[in-house]
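Enquirer: Going by the numbering used here, 39 is the number at position 39 of the sequence shown; the sequence numbering is gapless.
If you are wondering where the hints come from, they were derived from the structure by calculation, not from laboratory data. Take these hints with a grain of salt, some might be off.
Mimicking EDC-like on lysine to aspartate or glutamate, the simulated pairs with C-alpha atoms at most 16 Å apart in a straight line are [said to hold, decoys possible]: (1) 194 x 79; (2) 195 x 79; (3) 152 x 51; (4) 180 x 110; (5) 33 x 79; (6) 33 x 122; (7) 152 x 110; (8) 180 x 43; (9) 180 x 162; (10) 195 x 80.
Between beta-carbon pairs, the in silico distance windows are [said to hold, decoys possible]: (11) 149 x 108: 22 to 30 Å; (12) 91 x 152: 36 to 44 Å; (13) 90 x 156: 33 to 41 Å.
Every residue gets a Cβ at the ideal spot worked out from N, C-alpha and C, and that includes glycine.
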Amino acid sequence: MTIIVCIKQVPGTTAVDIDETTGVLKRAGVAAKLNPYDLYALETALRLRSEHGGRVVALTMGPPQAEAVIREAYAMGVDDGYLLTDPAFAGSDVLATSYTLAGAVRHIGEYHLILCGRQTTDGDTAQVGSAMAEHLDIPHAAWVNSIQSVDKTSITVTQNMEHTLETVRLPFPCLITVEKDIYTPRLPSYVNLKKTADRPVTRRARILPRSEMNRRSVATSL
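Please work from the sequences and hints to get the whole structure.
Expert: Structure (structure tokens):
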């Protein structure tokens, strides 16, 4: 099975200024790290690959230096990585981000499962995963805290709905966002880091022509 994991580089501190004009975080000169919630999505993907075979692809959107989180994902055991980077992507909101990531998923090709962390520590919207699923017109489940079973055509998961637990079966392809109690993430491996030092990271800029992005009213955000 092919699993795509959406990850993000976020500020490594909460002491980040906001541009008063644009409302966008001022990231220049601020230490960055892999979004902590995405570690649980990566671990879930790697465990599913170990049990069912296939490959794991990491997908991120950000400035050129965001390649660092793909490298970290390689060190954890991920097979391939894609970085969407273009100055036009700066300040993307949920609509622009989810639309761009969905376009990248279509570009990657056939897949079975998309995994996202619960949320990012900079935006905290917890909406990008679900919005991606809507763009891709695939079933999705949020707040997943356990995987019950996987077969050739579907995955069965349990969702933590705060007051209840709900078990749902989702046909492939589908998307789930996972909670941080699903698994304990592994540490990046130095051996993997050395082995993947020369592994390429595929870079893409605009997924669609500028005219198409304008038509969808997300060009400036993208």
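Enquirer: Which numbered hints turn out to be false for this structure?
Expert: Checked against the structure, the hints that fail are numbers 4, 5, while the rest are satisfied.
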